[in-house]
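Generate coordinates for the entire structure from the input sequences, incorporating the hints supplied.
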Amino acid sequence: MKQIDRFVRRMVISFWGVIEIHLSVWTMKFPAHIRIPSTRVNSSFNPIRLKLILKILVVLCGLLILFAYVSSTMREETTGAFKLPPFSGPLFKSDCTSLLQYANISYKFTVRPEEQEFPIAYSLLVYTDVDRVLRLLRAIYRPQNFYCIHIDRKSKAEFIEIMERLKQCPDLAHNVFFVDPSERLDVQWGQMSVLDADLTCARILFERAPGGWKYWINLTGQEFPLRTNWELVRALRLLNGANIVEAIYRRRNLGRCPPPDLLPFNVMFFVGYHKHLHCFYYGRFNKPEAYHVL
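Start counting the sequence shown at 2; every next residue gets the next number (the working numbering).
In short, the hints are calculated from the structure, not lab data.
Honestly, I wouldn't trust all of these hints.
Think about it this way: if two alpha-carbon atoms lie no more than 30 Å apart in a straight line, the pair counts; the simulated DSS-like pairs of lysine-lysine are [claimed, not checked]:
| # | residue 1 | residue 2 |
| --- | --- | --- |
| 1 | Lys155 | Lys168 |
| 2 | Lys168 | Lys215 |
| 3 | Lys157 | Lys168 |
Keep in mind the model is a prediction, meaning the values are calculated, not measured.
This is the structure in structure tokens:
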């Protein structure tokens, strides 16, 4: 890194010298250490000025090319250690344990008693990038939590085969569930299919782990947590049974929301997302009024 720093400093000094010459050319005032033969040109065309301008352009282009090359080399050196091998050969045919170790994350979680008493449910809507999905699963996985993975119907056969191999993991069988192929949806972002896939996972989590989780967090395969499970537990405990939802007020598409007087059972209409309480989904799947509203 010190050699690179010295190189960058030299390049900046050289670049500043070129700029100084360039400004001097236009003002015809050169530094004392640069000798220009005295030539009186009566016409507007000055060959000395033209040659200097061309040399300056060549030097600038060379510096730009050299800077781009050095930047790309530094980027490859810094990111080369994080490159993952492609899914092929023995790795593609390996068992579930090898797949979980594929991401090569040397992070061993520690489960505290507070986390044991506050399990969280997750749903993952995935369709591509196996390495990202595995990294996400290893980052959020805790033995006391529950997980539902929805594989998009439009995913490639290779991706589906690798993800379904996780079903063979005996350590994941008790708390990692997969949506049945007959229930998989072609999820389109911003459409109702996103909600339908989330509700499918919520139903599976409620049926296979009734009363076993406090909050449900829905994710996609392209997300990654910025907080540990313990930090999430501490934050969710402070909610004291409330929900966290996102809502953005927009004047367009107001016709999509039914007027309050048209809703049955004397309920109000809201739109929510992201973190939902367990009792909400208990009512969602056990009360006909909630099912009718959805």
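query: Going straight from one Cα to the other, do Lys157 and Lys168 come out at no more than 30 Å?
result: Status holds; Cα separation ~18 Å.
task: With a cut-off of 30 Å on the C-alpha distance, tell me whether Lys168 and Lys215 pass.
output: holds (24 Å)
message: Does Lys168 sit within 30 Å of Lys155, going by the straight-line distance between their CA atoms?
response: holds (20 Å)
Checked against the numbered hints given earlier, this structure breaks none of them.
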